[in-house]
Amino acid sequence: MTNATMSNPFMSMLPPTPAMFMPTFEGFVERMAAMPRVMETAGKVKVGATPHDVIYSEDKLRVLHYQSDIPKAHATPLVLCFALVNRPYILDLLPHKSVVRRFLDAGFDVFLVDWGEPSQNDRHLTIEHYVCRYMHNVMSRVAEFTEQEQVSLLGYCMGGTLSAMYTSLHPEMVKNLILMAAPVDWAERDALLVQWTDPKYYDVDAIIDAYGNAPPHVLQGAFALLKPMANFVEKYVGFYERMNDEKFVEEFTAMETWGNDNIPVAGETFRQFVKDCFQKNLLSQGKMKLGTKRIDLSNITCPVLNLMASNDHLVTCGQSAPFNDLVGSRDRKAITFRAGHIGLSVSSRAHKELWPNVCEWLGERSEKI
Amino acid sequence: MASDASANPTEQISRFWTDMMAQMGQAAAHAGMPGGATNGRQPAPAYDDAAKSMQRAFFDAMAKYFDEFMRSEQFLEHMKQTMDQSIAMKKMMDDFLIKTQTTMQSPVRGDVEDLAHLLRGIEERLFDRIDRLENKVAAVEDRQGAGRDAKASGASRSEKSTTSPRNAKKR
Chain S
1 MTNATMSNPF MSMLPPTPAM FMPTFEGFVE RMAAMPRVME TAGKVKVGAT PHDVIYSEDK
61 LRVLHYQSDI PKAHATPLVL CFALVNRPYI LDLLPHKSVV RRFLDAGFDV FLVDWGEPSQ
121 NDRHLTIEHY VCRYMHNVMS RVAEFTEQEQ VSLLGYCMGG TLSAMYTSLH PEMVKNLILM
181 AAPVDWAERD ALLVQWTDPK YYDVDAIIDA YGNAPPHVLQ GAFALLKPMA NFVEKYVGFY
241 ERMNDEKFVE EFTAMETWGN DNIPVAGETF RQFVKDCFQK NLLSQGKMKL GTKRIDLSNI
301 TCPVLNLMAS NDHLVTCGQS APFNDLVGSR DRKAITFRAG HIGLSVSSRA HKELWPNVCE
361 WLGERSEKI
Chain Y
370 MASDASANPT EQISRFWTDM MAQMGQAAAH AGMPGGATNG RQPAPAYDDA AKSMQRAFFD
430 AMAKYFDEFM RSEQFLEHMK QTMDQSIAMK KMMDDFLIKT QTTMQSPVRG DVEDLAHLLR
490 GIEERLFDRI DRLENKVAAV EDRQGAGRDA KASGASRSEK STTSPRNAKK R
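Protein chains in written order, with this note's numbering: chain S, 1 to 369; chain Y, 370 to 540.
For the record, the hints were derived by calculation from the structure and aren't laboratory data.
Please note that a few of the clues may not be correct.
Claimed, not checked - No more than 20 Å apart at the CA atoms, straight line, and that leaves these computed lysine to aspartate or glutamate pairs for DMTMM-like: (1) Y/Lys433 x Y/Glu493; (2) S/Lys227 x Y/Asp429; (3) S/Lys333 x S/Asp185; (4) Y/Lys449 x S/Asp205; (5) S/Lys293 x Y/Glu493; (6) S/Lys275 x Y/Asp453.
Said to hold, decoys possible - Covered by chain Y, according to a simulated footprint, are these stretches of chain S (three or more residues, beta-carbon under 8 Å): (7) 192-198; (8) 204-217; (9) 230-244.
Unchecked claim - Listed below are several chain Y residues computed to face chain S (Cβ distance under 10 Å; list not exhaustive): (10) Phe428; (11) Ala432; (12) Met452; (13) Asp453; (14) Leu488.
Using N, Cα and C, we set each Cβ at its ideal position, and we do this for glycine too.
Whole structure, please, built from the sequences with the hints as guidance.
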């Protein structure tokens, strides 16, 4: 070994002996040979597979009621409400990565709101339509179906924001409220999405006037661009390195299926959300209005659990954490878990460490059978 | 939020490059990359570790660079221009298609949307009327229930008061 290679680590990479490249080459051949098996595994992946019935539908919306062999331990039903962006089956991605199954296993009666895919004719739907009409009808239907007066509500991402709005308008309907990576306060201007939606650079009126609905490819592109290295490079490097691992391929395919299954957001809803929330931050100031109704988060008095992800690049903890100070509830708790925005619902660690605690918290506050 | 670092692109790139190489060098040195460990058929584990550390350092440096860049005035301005252009293009296409379809006497999207808008208006008005009717019925039922209660309590004070049908419906 020369002095040069001792002092400069890059020099050690230089001697191009054939032996040095053999393992890499062998690894490459091995992976290429595994391709048919990878394709077969990927083809078999089935997302959102927990058995369910549809108990209510209205326009594009459907309410799924999940079935389970595990006897119910809690009378209070739980409604899961996902964002209007992307599909809600991220909460039931794979059997071992399913928030739905964690709740079913803990003896809850679980329902999921599938908002459906808005068409151009749904561009006029506003947040008021979603919260005051659809959500209220869903909650009333679930209450009627389960013969309960109140329902527990879990909202994820933008679905959490909608859930908070709903609970403030109909506190009598909600037994417990769980928010999961849900933004409520956009005062902190550091988040990349907040900077991108700055009115100086982002003319939401022009976009919605031209496209009708918020186009899914634009939304997906923006979300992917928040972490370009992770989404465009590291992900595929990781896949190449672990493509011999069947379980990894299954999970990777499921995530890719969900990540590319984008839907548009109803134009007027998107316009109002960007303007009132991202640009004017009206919700946390108690100034946001749905039609004639003002949203006052201090109307929320039910037990509140606020789940945040410390590595969330989409909804920062600074956008979620203020929620607990804005509500009128005495029973409120916040958990910051080491995960990303999606990792909160699909990471193995979250299913091992977070969700059992969430089930316990909810179980203590639900009516027993 | 614009970054001041966008002033001189050459300086920016050279700073990024120097930082990245320094980080990769550090990563390799930390992993103890041996210079002559590749004589055998399998590379020494330290070599693999060093390569992985350098890869990690490279990804982290690039991610940091992209994050800084995507907050810069340059990027935001470029994003705005791209969006303005795509919107202008979309409008041009829409205008062209509308004109073509109108010439061909076929309905355009605007016609369908107008129709949907009309239906939505009818639906909203119906919902409003149903809400008002529901409120009226509830008020009438409450009055009837209260009347019955008063009658029942007047006739026999020992009997339990009845519940209005509306309240009975509530769980």
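Notebook entry, point to check: For this structure, which hints from the list above don't hold up?
Noted result: 1
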